[in-house]
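Chemist: So you can see what is in the structure, the chains are spelled out below.
Number of protein chains: 2
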Amino acid sequence: MKKKKYVYFFGEGGKEMKALLGGKGANLSEMTKIGIPVPQGFTITTEVCNLYSKNNKEYPEGLDVEIEANMNKLEEKTGKKFGNKKNPLLVSVRSGAAVSMPGMMDTILNLGLNPDTVQGLIELTKNERFVLDSYRRFIQMFGNVVLGISSENFEKILEEVKEENKIKLDTELNIKALQKIVELYKAKVKEVTNEDFPEKPNIQLNMAINAVFDSWNNERAIAYRKLNDIPDNLGTAVNIQSMVFGNMGNDSGTGVAFTRNPSTGEKRFFGEYLMNAQGEDVVAGIRTPKEIEKLKKDMPPVYNQLVDVYKKLELHYKDMQDIEFTIEKGKLFLLQTRTGKRTAHAAVKVAVDMVDEGLITKQDAVLRVEPNQLDQLLHKTIDPKAKLEVIAKGLPASPGAAVGSVVFDAKKAHDLNEEGKKVILVRNETSPEDIEGMAAAQGILTARGGMTSHAAVVARGMGKCCIAGCEKIRINEKTKEFKIGDVVIKENDTITLNGNTGEVILGEVRLIDPELKGEFKTLMQWADSYRTLGVRTNADTPHDAKISVEFGAEGIGLCRTEHMFFQEDRIKAVREMILAEDIVGRKKALDKLLPMQKSDFIGIFKAMKGLPVTIRLLDPPLHEFLPQAKDDIKYLAHEMGVTEEKIEEKITALHEMNPMLGHRGCRLAITYPEIAEMQVKAIFEASCELVKQGIKVMPEVMIPLVGALKEFTILKKLAKNKADEIIKDYGVELDYKIGTMIEIPRACIIADQIAHEAEFFSFGTNDLTQMTFGFSRDDVGKFVPEYIEKGILEKDPFQVLDKEGVGSLVKMGVEKGRKARKDLKIGICGEHGGEPSSVEFCHKAKMNYVSCSPYRIPIARLAAAHAKLKEK
Amino acid sequence: MKKKKYVYFFGEGGKEMKALLGGKGANLSEMTKIGIPVPQGFTITTEVCNLYSKNNKEYPEGLDVEIEANMNKLEEKTGKKFGNKKNPLLVSVRSGAAVSMPGMMDTILNLGLNPDTVQGLIELTKNERFVLDSYRRFIQMFGNVVLGISSENFEKILEEVKEENKIKLDTELNIKALQKIVELYKAKVKEVTNEDFPEKPNIQLNMAINAVFDSWNNERAIAYRKLNDIPDNLGTAVNIQSMVFGNMGNDSGTGVAFTRNPSTGEKRFFGEYLMNAQGEDVVAGIRTPKEIEKLKKDMPPVYNQLVDVYKKLELHYKDMQDIEFTIEKGKLFLLQTRTGKRTAHAAVKVAVDMVDEGLITKQDAVLRVEPNQLDQLLHKTIDPKAKLEVIAKGLPASPGAAVGSVVFDAKKAHDLNEEGKKVILVRNETSPEDIEGMAAAQGILTARGGMTSHAAVVARGMGKCCIAGCEKIRINEKTKEFKIGDVVIKENDTITLNGNTGEVILGEVRLIDPELKGEFKTLMQWADSYRTLGVRTNADTPHDAKISVEFGAEGIGLCRTEHMFFQEDRIKAVREMILAEDIVGRKKALDKLLPMQKSDFIGIFKAMKGLPVTIRLLDPPLHEFLPQAKDDIKYLAHEMGVTEEKIEEKITALHEMNPMLGHRGCRLAITYPEIAEMQVKAIFEASCELVKQGIKVMPEVMIPLVGALKEFTILKKLAKNKADEIIKDYGVELDYKIGTMIEIPRACIIADQIAHEAEFFSFGTNDLTQMTFGFSRDDVGKFVPEYIEKGILEKDPFQVLDKEGVGSLVKMGVEKGRKARKDLKIGICGEHGGEPSSVEFCHKAKMNYVSCSPYRIPIARLAAAHAKLKEK
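Line by line, the protein sequences give chains A and B. Per the working numbering, the first sequence runs over residues 1 to 872. Per the working numbering, the second sequence runs over residues 1 to 872.
Next comes chain A alone, as it looks inside the complex:
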């Protein structure tokens, strides 16, 4: 058997070996291979890391021999000798995993320095200050990272010596001061560890390798991996590389650069550099780096070489690169190249540009952009340059950003908005009563409720920024203020919300408007050409419908009729209906609603231009339409001409312990068929009128919350009779469908029975998730964050579809449904319809479409394309 290879000299590996060599190591090898100037070195594989972790910090046999051989090779290539006084080789020892974990693991520079090599190096460089500075940095880094001595110990010494010398900057330290620091550092090492600082380079190297492998399992790294879904068994590689120095004088320097602008995507070399400096100086921000263009003037040959290098790299990697370089005495070295992180804007532009440049295919371009990233393109965002005073953090329930004056009730929000004032609605939680206030507000902040609470769902539907479940805020509605710890925010104070992070910010912050560039449109067209899954929208108003079509919706998958009930002119009739003594009274009130509801549908149908529109019959429990506050009840009583007592009696009668599991959905239509009848009438009168005008419509009546077959058959019959009667009366031709929402576990179980009767299924995964988990989406804020922290749940199941549990029921529903009716049209209209991994699940489950809020349509379109392209 061939002996296993644990160490790869740069050039022996390549970029395809990331898993074994880590990202950094693989790219250093790759660059070496294609002739990019890289400081020589070698990589110890990630496999060694795993064996080391597994075998109680024992290394595999033969590793030492391999390392020695590679050190020899390194000495040979560089012409230097490790530990040699005359011409000492110094190395860096760095971690590098397959996945980038910036700053999470440890690095040691300048390894190999000791009193001997320091002397040798001084003679060689004639630069005692530089060598001593490197030495004190090495002791500090090694002491901290390898020996585990808190860096404060060293910082303190440094500060003291600086004070003694009355200087402020490290660069001002003179040779004497540096010598003293080295002495004091070593004394401190002895004091803390009870041992002398190791002077033998080989011992330093071995200790450093151990430290890097150990750092894979330090707390910071474990936490980072958990947070970013990185498996623990990836392991890190160790890169040992000869040092080059950007701080060897004015013909030296260092810099970082992107091959294109990572913020805009513009095709222009973009970066910064500092002369006579080390990499950390660029990052630290003590000296201001120069724009990369300036290098053209500072060192023309190096600049030209750098331009050649970046072009070569981009052509080779076929993606925008993020590089680090050092110039040592006029000589250019590349220290790193990797795929550059970029904004959504840049991602889209780079992908489309690279297709135009012939670098990548359209499929590549589509796959280059993460669907979730598009969110950035669709909402206002906080100016990244702004200084923020973050006072609390809640759930980032609906993306975007908003600035406004704080108000605590919906009516006030509405009134102030009418006066042209921008407001932020702050509530403990919102209810359908607050809809108008939410619509009037710039953004919504709630103290309770999760990612799919009422506030969150409605806000996302409106494309409006919302922070939900900000449990730290304590609202006092009487005094009109809220507290966060000691901070008191009064009504009319200005705050800013960042819906992308959940941050609540004091005062006004500059916002940046969304831009829909040409490249974005192009990319979406490419995505559409690949995807097979349809994308519809959840829209309840002509306005939303119009936006949806602009965003590319292929129909409405969920039109919630109840949202129409809350508008000021309608709610009165709705309440009249609820308060009616009998069916006669109810029908009278419903007759008032009919023309309003009908005109809504006319508007929506027109906006959808003949695309299918799935309309859900009334879903929420009736109590949601009655007021809760004493004053509102009083007002309503006056308005309705009834006693307050009567309204309170009705509220009591309608009260439910668990309204989510109560008298709603088709249960309402069964007990009050007259409501469903009015809605069906509105749908079909609207449809027929438009058809008469020559406008195409495609209505689909959706019966919600079906759990027993007969619920569906009774209501289907009701709807069909009414519809056919109206169509006949109008004397038009009109195709329509009657289907159901599958949102109750029992419906999945008897999906075959239901499919015999229903023409389409739409999975309501919000409710299905609630019932499958037994989680109330309004209340999960109380424990789900802790569940995610403890790893009980990977993700909030209301955001990301739970494939294992809820997904099993969905699959069961799809399979049973299609078994009974081969051409059953199946979609999803829960919040998951706009979440990329859930969209992929729907694609795999062979659904016909997903439906999501208007502002997530492009995300769903792109995710659907990804799902299809990834199949191959």
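Simulated from the structure, these hints should not be mistaken for laboratory data. Just to be clear, a hint being listed does not mean it is correct.
[Claimed, not checked] DSS-like, lysine-lysine: derived pairs with alpha carbons at most 25 Å apart: (1) A/710 with B/790; (2) B/630 with A/650; (3) B/650 with A/630; (4) A/478 with B/634; (5) B/816 with A/803; (6) B/646 with A/472; (7) A/816 with B/472; (8) A/717 with B/226; (9) A/33 with A/331; (10) B/521 with B/341; (11) A/710 with B/811; (12) A/490 with B/646; (13) B/630 with A/478; (14) A/681 with B/790; (15) B/490 with A/483; (16) A/598 with A/490; (17) A/710 with B/226; (18) B/318 with A/803; (19) A/646 with B/480; (20) A/790 with B/717; (21) A/646 with B/490; (22) A/795 with B/710; (23) B/811 with A/587; (24) A/819 with A/737; (25) B/646 with A/630; (26) B/790 with A/716; (27) B/480 with B/393; (28) B/710 with A/790; (29) A/803 with B/521; (30) A/650 with B/480; (31) B/790 with A/587; (32) B/790 with A/722; (33) B/816 with B/868; (34) B/717 with A/226; (35) A/15 with A/362; (36) A/650 with B/816; (37) A/811 with B/226; (38) A/634 with B/478; (39) A/630 with B/634.
On the provided structure of chain A, position chain B as indicated by the hints.
Modeler: Just chain B, lined up with the frame of chain A:
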């Protein structure tokens, strides 16, 4: 092909042919066959009924020929001729389905009478009054049943003639009056139908047969079938039988009898008769019938013959018979025999007696008693002789009966009970806070909540009468009264509850105590010898545990620890824990609870004598432990030494929109592990102390509401560590199990994963039903009754396990669970564990046991035996 036979002459069929001949027809044939004197006749099959319904009221070919042939045979056997003036044959035409539907369908007597045959019969009987009375009855009955003339028309004529003649009773009508009535009746028929009353006997017969078949689909019959789960396609048979008359003079008579006492089961011929009367006279109650014993003196030979007959019948049918007989001029005829309905007492005694008599086997005896019937034996009942003023009807949520003074709050109930007063607790709905009041009350009446609402579940657990969801009552807690329409019941007024029917009765009614007779015990022992399914109980206190063992429980399947938290001495510590600022404060409060909880477990373990005890960790959301009423909050604030504001803040913080889907069950144990830890400590310290005393204990720790594997593994680890530590500290040997409740749909889906870790499953079918249907058991009263009425649901799924939906998930859970762990112990601890058809489901699903409230244990034991015996 042999021609299908549509008509059976009595004697041609037999008792096994009930489906075809109906119960009555089959038994008349059977009796004829075994030589019991029965008026001759024949039966048209139920098959004809179905064909008639299906084919638009067309009869199958050849039926007329068969009927004619059988009429000829009847004439031959009786020596009379249908329509003949000299010796006319009169017949009755009666319906008779396979299942008894008393009074639901129609009957015509004396068919064949017309002016000719009336004359002939008068000559033959020399009793003109009798013949004319029969004639007017026939016209009335035929007119009503066959011609559809409202009986008021005839009643009015009868009353008028009686008034003219100044008499009160029908029997006082003289010949002239009867003649006039006949004339007026016929005129009325002509007036209403525009046709003469049909005089031809054959036409009468055909019309009567049509009418009986039509009556199968009259509204009354359809409603009765729906109510009693009788399939519509059973059809009714038609029995045509020669008339015999008990009203032909003092040597004639009629009676009904049971072969044993149907109320007590005593082996004594039991019945009543009237001389010179028709069957309807016995039922009508105008004349008081005599006890059957008297017949011995009135007509010794007939009595002796009757005794022979009943003995023969009982020996033949091997069950208690309910018979009808007529004596015509000294000759005995049996008109009907059927299995006699009986009380639970009688059912048990008859079954056991018949085994002793060698009539039936023990298996037969066990199968003879319906499990649900036993409920009667286990609770107080309303004296059946009492006159009742029923003022409202709610759901019969917990059986039994109770008398007491009305109180509206738990504290008052408790206080009055202490004073020795019997009270009925009346609440809109109960909450765990009311527990002590419920325990103190004789019975509970709630305005809201279904069969498995808090009130219902707790009351059943306590074996206490409860009427829930009595939606008609309107409670006013301020004025301390409730209204039902105009009736006002004030505090301290006495009412009586009938938990078996749901009736609320004004005033005090006499109650009958439950009796557990020797035969009952015997029967239960036989049942135990057949069943393979275990029966455990749901018990939370030593007292309940003791009762359960007496009722035959083989362990505790569900011990709800939270019920222990509500007792006055504990609730304070519980509240202290909830109000604590941090874990230190919580632990301090928990330390106070520990000894109390431990002593509970000691009591329960002792009562269970080494039988397994499954203890569920804290399940309900914490807010249930805090008070709601302003006054109680004030009191608590004072008690705890905190501000009211603080308590209200906590209540607000704990508030949930849908507590059933909220922060409860294992979710509490995950976020507050210290609570679970205290409970585990209490369980194992109690166990170990008893083991040290030489007392056997078998604790099983049950983790509720698990939906994700890690919830279970985290808590299992916590419990196991704590348990093993305590066992080690005590230095004892103790076996225990750690398992989980399967009550969330997702748990059924991932049951295989869970079973790898859990040692037992207990299906919590209450919650599972809630989540599978999306029904809140507290709120279903709002629509489930209508669902059942409309046939959307067959039964309330909280009472009878929904085999199709919930059952599918249970089966999935059992199969997946056993796949992962072959010997996984599986039980059910929802309310369904005491419902016979659900018990049968559990048996078939191969569970190890069911667990039910103490007072349902015998029912579960018997149902389990039935399930096993029915397998064969």
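Chemist: None of the hints should be skipped; say for each whether it holds.
Modeler: Hints, one by one, checked against the model:
no. : hint             : verdict
1   : A/710 with B/790 : holds (9 Å)
2   : B/630 with A/650 : holds (23 Å)
3   : B/650 with A/630 : holds (23 Å)
4   : A/478 with B/634 : holds (21 Å)
5   : B/816 with A/803 : holds (18 Å)
6   : B/646 with A/472 : holds (16 Å)
7   : A/816 with B/472 : violated (43 Å)
8   : A/717 with B/226 : holds (21 Å)
9   : A/33 with A/331  : holds (19 Å)
10  : B/521 with B/341 : holds (22 Å)
11  : A/710 with B/811 : holds (24 Å)
12  : A/490 with B/646 : holds (22 Å)
13  : B/630 with A/478 : holds (19 Å)
14  : A/681 with B/790 : holds (24 Å)
15  : B/490 with A/483 : violated (47 Å)
16  : A/598 with A/490 : violated (42 Å)
17  : A/710 with B/226 : holds (15 Å)
18  : B/318 with A/803 : violated (59 Å)
19  : A/646 with B/480 : holds (19 Å)
20  : A/790 with B/717 : holds (14 Å)
21  : A/646 with B/490 : holds (22 Å)
22  : A/795 with B/710 : holds (14 Å)
23  : B/811 with A/587 : violated (45 Å)
24  : A/819 with A/737 : holds (19 Å)
25  : B/646 with A/630 : holds (23 Å)
26  : B/790 with A/716 : holds (15 Å)
27  : B/480 with B/393 : holds (21 Å)
28  : B/710 with A/790 : holds (9 Å)
29  : A/803 with B/521 : violated (52 Å)
30  : A/650 with B/480 : holds (20 Å)
31  : B/790 with A/587 : holds (22 Å)
32  : B/790 with A/722 : holds (20 Å)
33  : B/816 with B/868 : holds (24 Å)
34  : B/717 with A/226 : holds (22 Å)
35  : A/15 with A/362  : holds (23 Å)
36  : A/650 with B/816 : violated (47 Å)
37  : A/811 with B/226 : violated (36 Å)
38  : A/634 with B/478 : holds (21 Å)
39  : A/630 with B/634 : holds (22 Å)
The structure shown violates the earlier hints numbered 7, 15, 16, 18, 23, 29, 36 and 37.
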